[in-house]
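Dock chain one against chain two, each of which comes alone in its own frame, and use the hints as you go.
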Amino acid sequence: MLVQVRLFATYREIVGVGQLSWTLRNGATVGQLVEAVLARYPRLSGHEDSMLLAVNHEVVRPDLVLRDGDEVALLPPVSGGDR
Amino acid sequence: MIEIQRNRIDVDSIVNTVRRDDAGAIVVFLGTVRSDPDVRALDYEVYRPMALRTLAELVERAREKFGVLDMSIVHRVGRVPIGGDSVVIACAAAHRSEAFAACAWTMDEVKRIVPIWKTEAGPRKARFKSDGHRRRRASHRKVP
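For the record, the sequence lines run as chains A and B. Be aware that the first sequence starts at 235, since it is given in the working numbering, and climbs by one per residue. Be aware that the second sequence starts at 790, since it is given in the working numbering, and climbs by one per residue.
Isolated chain B, as found in the complex (with noise of 0.2 Å):
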């Protein structure tokens, strides 16, 4: 399953789509906002039509390079607050190694090729610096 959504997700549902007689391994990987300075929470921008695209390959990618078995990713997007999850990632595979393996390649990837940005959200509501001339603080860098 491959989703992208504002709702928090349900890690649970999230694992029981990969369940399957002949997998003997399902590893899970949460991907969460950690508490910084002056981060509130963090602001996720998504190409959709592209990120899903590319979700599914990777998936596919996955299938190929490691012979899982099946894999789900899920992205939060709009503001996900501290300690809330914002991608997750679940692997199912006959054995713990590829499904290990898997799962780190996949999320080395989201990160690297998936369309999503995040933008930090902190206590201020202006996000220039007063000045006017630094540029704001807050970056746009890649998931999670």
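This is chain A alone, in the form it adopts within the complex (with noise of 0.2 Å):
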């Protein structure tokens, strides 16, 4: 199957685009699939303690299980503090 990756922010900036086409086997889940992007884009290392997963739009946990053509959104944290 295959799903749209989102990145926003920093992590947009490590991977270089804000967009990419993912193929996964079916059954695969979005932890999964966080997995294979942080062996491809090994400096997003060290993020994913941080990073909040989105589904077409909804936050999701990291065991859900991803369906054809689905968007997933890797968003780095969105707490600002103070400021």
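I should point out that these hints are in silico values taken from the structure, not numbers from a laboratory. There could be a bad hint or two in this list.
A few chain A residues that don't get close to chain B, going by computed Cβ distances all over 12 Å [unchecked claim]:
| no. | residue |
| --- | --- |
| 1 | Thr-257 |
| 2 | Val-271 |
| 3 | Ser-279 |
| 4 | Asp-297 |
| 5 | Asp-302 |
Short derived list, chain A residues pointing at chain B, Cβ under 10 Å [to be verified]:
| no. | residue |
| --- | --- |
| 6 | Phe-242 |
| 7 | Leu-286 |
| 8 | Leu-309 |
With beta-carbon atoms standing in for the labels, derived distance ranges [said to hold, decoys possible]:
| no. | chain 1 | residue 1 | chain 2 | residue 2 | range |
| --- | --- | --- | --- | --- | --- |
| 9 | A | Asp-297 | B | Leu-819 | 40 to 46 Å |
| 10 | A | Leu-286 | B | Arg-885 | 32 to 38 Å |
| 11 | B | Ala-893 | A | Glu-282 | 31 to 37 Å |
| 12 | A | Ser-255 | B | Asp-801 | 40 to 46 Å |
| 13 | B | Val-804 | A | Asp-297 | 40 to 46 Å |
| 14 | B | Arg-885 | A | Gln-253 | 41 to 47 Å |
| 15 | B | Arg-809 | A | Asp-302 | 41 to 47 Å |
| 16 | A | Val-299 | B | Arg-795 | 35 to 41 Å |
| 17 | B | Val-804 | A | Leu-286 | 29 to 35 Å |
| 18 | B | Val-828 | A | Val-293 | 27 to 33 Å |
Each residue gets a CB set at the ideal place from its N, CA and C atoms; glycine is no exception.
Structure representation (structure tokens):
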């Protein structure tokens, strides 16, 4: 199956583009997709603990099973403190 | 009204979207770009469909939580100059106490969960340090 991966802010700068098409085996989870993306872009490593995941514009857990055509967003932390 | 736009925000028109005869108070919050050394503007980046959805959910939660009558949120994206408004929240309620509380709570939530990031735009075009090892000074942070 094919999913779209969206990247923003710091992650977009690290990867160099804001969107990737990604082929996965059927039944793959969001977490497995993130592992695959991290393997291809090692400079994203270290960010996974603070990464927020969304599928089709809704925050999800890593164990969600993906479906063909899903849009998966890897979101940098959106907690901005006092500024 | 929920909107994410690149153009300057017209505050009066946002306030007018929440005027109602049964409102005794309208609280307006403006998030503005503050002058800092080496900062000439802020660049805002948005995941638009998710941000619109999240903002609409926040308005509904503010209605349930505080009993507000109406609320509009407009966020500006792209480059916003020093002194410019980056976000405007207008909140109408029967009494001022719930209007103040709802406006403050909503702005905290906007900063916490809405997928909008900002980068400081400084005077130098090169955003990375010249030695190639240090990370760029500008970091992505949450709004405003």
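Hints versus structure:
For Thr-257/A, the non-interface assignment is confirmed: its Cβ lies about 23 Å from the closest Cβ of chain B, beyond the 12 Å cut-off. Taking the minimum C-beta to C-beta distance to chain B, about 17 Å, the non-interface status of Val-271/A holds against the 12 Å cut. With a closest Cβ-Cβ approach of about 15 Å to chain B, Ser-279/A is found to remain outside the 12 Å limit, as its non-interface label requires. For Asp-297/A, the shortest C-beta to C-beta distance to chain B comes to about 20 Å, beyond the 12 Å cut-off, and the non-interface label holds.
Against chain B, the non-interface label of Asp-302/A holds: every CB pair exceeds 12 Å, the least being about 19 Å. The beta carbon of Phe-242/A comes within 6 Å of a beta carbon in chain B, closer than 10 Å, and the hint placing it at the interface holds. Because the smallest distance between the Cβ of Leu-286/A and any Cβ of chain B comes to about 8 Å, under 10 Å, the interface hint for this residue holds. Hint status for Leu-309/A: holds, given a least beta-carbon distance of 5 Å to chain B, under 10 Å.
Between Asp-297/A and Leu-819/B the Cβ separation comes to about 41 Å, which falls inside the hinted range of 40 to 46 Å. Distance hint check: the CB atoms of Leu-286/A and Arg-885/B are about 35 Å apart, consistent with the given range 32 to 38 Å. The hinted window of 31 to 37 Å between Ala-893/B and Glu-282/A holds, with their beta carbons roughly 33 Å apart. The hinted range of 40 to 46 Å is satisfied by Ser-255/A and Asp-801/B, whose Cβ atoms lie roughly 44 Å apart.
Separated by about 45 Å at the C-beta atoms, Val-804/B and Asp-297/A satisfy the suggested range of 40 to 46 Å. In this structure, Arg-885/B and Gln-253/A meet the distance hint of 41 to 47 Å, their C-beta atoms being roughly 45 Å apart. Between Arg-809/B and Asp-302/A the beta carbons are some 46 Å apart, a value that agrees with the proposed interval 41 to 47 Å. As the Cβ distance of Val-299/A to Arg-795/B is approximately 37 Å, the hint placing it in 35 to 41 Å holds.
The hint said 29 to 35 Å for the Cβ distance between Val-804/B and Leu-286/A, and at roughly 32 Å that hint holds. Val-828/B and Val-293/A have their C-beta atoms about 31 Å apart, which keeps the hinted 27 to 33 Å range intact.
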